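Each step along the sequence shown adds one to the number in numbering that gives the first Met the number 0, with nothing skipped, and position 428 is 427.
No wet-lab data here; the hints were simulated from the structure. Just so you know, not all the hints are guaranteed correct.
[What the hints assert, rightly or not] Using C-beta positions, here's what the derived DEER-type ranges look like:
#, residue 1, residue 2, range
1, Gln77, Gln319, 51 to 61 Å
2, Pro249, Gly169, 52 to 62 Å
3, Asp152, Ile89, 27 to 37 Å
4, Glu195, Lys55, 33 to 43 Å
5, Gln313, Glu195, 26 to 36 Å
6, Ile257, Gly298, 25 to 35 Å
7, Val60, Trp16, 46 to 56 Å
8, Glu289, Gly197, 49 to 59 Å
9, Tyr355, Thr139, 52 to 62 Å
[Unchecked claim] Below are the DSSO-like pairs computed for lysine-lysine, each with C-alpha atoms no more than 27 Å apart in a straight line:
#, residue 1, residue 2
10, Lys64, Lys83
11, Lys178, Lys99
12, Lys44, Lys83
Note that the structure is predicted; figures quoted are calculated from it, not measured. Each residue gets a CB set at the ideal place from its N, CA and C atoms; glycine is no exception.
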Amino acid sequence: MNEYAHIENKPKFSLIWFIPIIALCVTLWMLYQHQINKGHTIFVKMSNADGIVAGKTQVMVRSVKIGLVQSLRLQIDQSAVIAKVQIDNIYEPLLTEDAKIWVVKPRIDESGISGMSTLLSGVYLELEPGTSQVQSSLFTLQDEPALIGADIDGKRYKLKAKNAEVLEIGTGIYFRNFKVGQIESTNFNINNLAMEYGVFVFSPYDQLITQNMIFWVASGVSVNLSTQGIDVSTGSLSKLIKGGISIDYPPNQAPSDIAIGQSSFTLHKNFSTALEQRFDDFDFYLIEFEQSIRGLSPGAPVEYRGMRIGTVEQAPAQLQRDGQPLYFQQGSTSIPVLIRIEYGRLFEKSDLAKAYWQKNIEQWLRNGLRASLKSGNMLTGAVYIELDFYPDAPKINAMTTSLYPTLPSVPSGFTALSEQVTKLLNKFNDLPFDNTLTQLDGTLKEYRKTAMEMNQLIGSFNQNGTANKVNENLDNISTTLTQLTSSLKQFEQTLTHYQQDSTMVEQLTDTLEELENLSNTLKPFAKGLNEQPNMLIFNKPSINDPEPRKK
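Throw the hints in and build the complete structure from the sequences for me.
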């Protein structure tokens with residue numbers, strides 16, 4: 000028997016360890032594949048999660064699913080909701096920093112009804128890829144869907160408006176009532192207190208946008224009350240619902256050079272305002288009125304014999320002299336009005352019109368050129384300023400130039416009428432009424448004396464019986480005339496039998512007719528004189544209407 004133990008060295012690594020190692024590798028491989036297939040995680044910030052359900056709401060691009068909302072949680076300050084969204088790995092290149100995401104749900108706007116399919120399937124997130132090369136994992140949910148896709152041809156422009164009404168995203172842009180684009184974005188600039196719009200014009204209509212294009216708000220119904228009267232205009236149905244922006248070239252002007260993309264234009268309140276802004280070559284003048292300027296407002300026209308040559312800028316003029324308002328100066332009661340003389344209204348080439356105006360204005364003023372207020376519309380009470388020549392106006396040598404050149408004025412309307420009435424009353428006051436009344440009183444006394452003498456004469460005329468004798472004589476004359484007429488008629492009959500067609504007979508016939516007419520005329524005269532002997536001097540008293548007797 001061997002006293003020594005046999006020691007045998009066996010391998011330290013057992014084959015049994017391959018089983019957990021293989022399992023670990025498989026697990027790591029599965030985790031790697033899961034991580035790879037899990038996709039890219041992004042976060043979407045939204046004001047609220049209305050209609051969005053974690054694990055159910057999908058993310059789509061052109062109706063193709065590219066991801067799913069994994070979870071929803073509140074932001075730390077609870078001012079927003081953060082949605083964790085898993086995007087499939089193959090669509091990771093779509094997640095650029097200028098990509099847009101919005102909620103697709105049923106909507107009704109001027110373009111029609113959209114998103115009706117979500118009534119059964121629920122809302123979903125739509126992603127529109129951008130054009131940037133920079134990737135991003137944080138996005139902000141848009142309130143409105145993106146209107147213009149990156150694959151749509153056209154140009155973008157900028158509009159600025161200070162006085163125009165606020166328009167919404169999606170508002171159409173119309174060229175002669177044909178839609179050529181729409182508003183893509185809106186922003187209110189607090190620095191210059193103006194609305195800024197980003198607009199998109201579809202191709203090929205972007206070739207219509209030139210450097211002299213004018214933009215104005217075309218509301219559904221427009222009512223304009225001015226010195227020209229009442230102007231009511233309506234647009235299309237879409238404009239009635241949402242309004243719109245109209246574009247066109249200025250009247251009597253050809254299109255200029257085509258505007259490049261991102262060019263800026265001014266959005267005007269209406270078409271008339273847009274036209275007035277074209278006259279940017281002007282000079283300011285002051286007009287001092289010695290009367291009320293009620294009804295005169297900024298924007299009112301300045302005309303010369305019906306032709307518009309300018310615009311009222313301020314009424315009254317907001318100017319100062321020696322630290323005081325210009326219309327409350329010591330020793331002056333005039334109200335200053337600031338106007339613009341727009342040379343483009345005088346002539347198509349404003350530089351020629353400006354030189355002509357400045358050369359001749361002094362001579363025109365010496366010849367009687369004056370400003371006055373005229374009523375433009377009786378309904379609204381609006382007035383305007385008219386320039387015309389008044390030869391009788393006080394002469395001036397030149398314009399006064401304090402702050403601005405000053406044009407003289409003449410009173411008009413009720414002011415001019417009151418001055419004429421005042422002058423007329425002054426003339427009446429200068430008349431010698433006292434002497435005239437004294438002479439009139441003496442004349443009335445003489446008339447009373449003459450009347451008394453006439454009454455005495457008539458009384459003596461009646462007392463002497465002269466009236467009765469005159470009546471008897473008139474009765475005799477009437478009887479004699481009657482007998483003479485009868486005799487002449489018999490003689491006429493005799494002559495008629497004797498020679499009916501002779502000239503003598505015709506003359507005699509005419510004489511008889513005249514005598515008969517004379518007789519008929521004297522009969523009522525004789526009767527009246529018999530009833531009232533003094534009717535030759537006094538009128539016959541009128542006979543009162545008979546009154547019925549009482550039973």
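Evaluated hints:
| no. | hint | in the structure |
| --- | --- | --- |
| 1 | Gln77 - Gln319: 51 to 61 Å | holds (54 Å) |
| 2 | Pro249 - Gly169: 52 to 62 Å | violated (28 Å) |
| 3 | Asp152 - Ile89: 27 to 37 Å | holds (28 Å) |
| 4 | Glu195 - Lys55: 33 to 43 Å | holds (39 Å) |
| 5 | Gln313 - Glu195: 26 to 36 Å | holds (28 Å) |
| 6 | Ile257 - Gly298: 25 to 35 Å | holds (32 Å) |
| 7 | Val60 - Trp16: 46 to 56 Å | holds (49 Å) |
| 8 | Glu289 - Gly197: 49 to 59 Å | holds (52 Å) |
| 9 | Tyr355 - Thr139: 52 to 62 Å | holds (59 Å) |
| 10 | Lys64 - Lys83 | holds (16 Å) |
| 11 | Lys178 - Lys99 | holds (25 Å) |
| 12 | Lys44 - Lys83 | holds (9 Å) |
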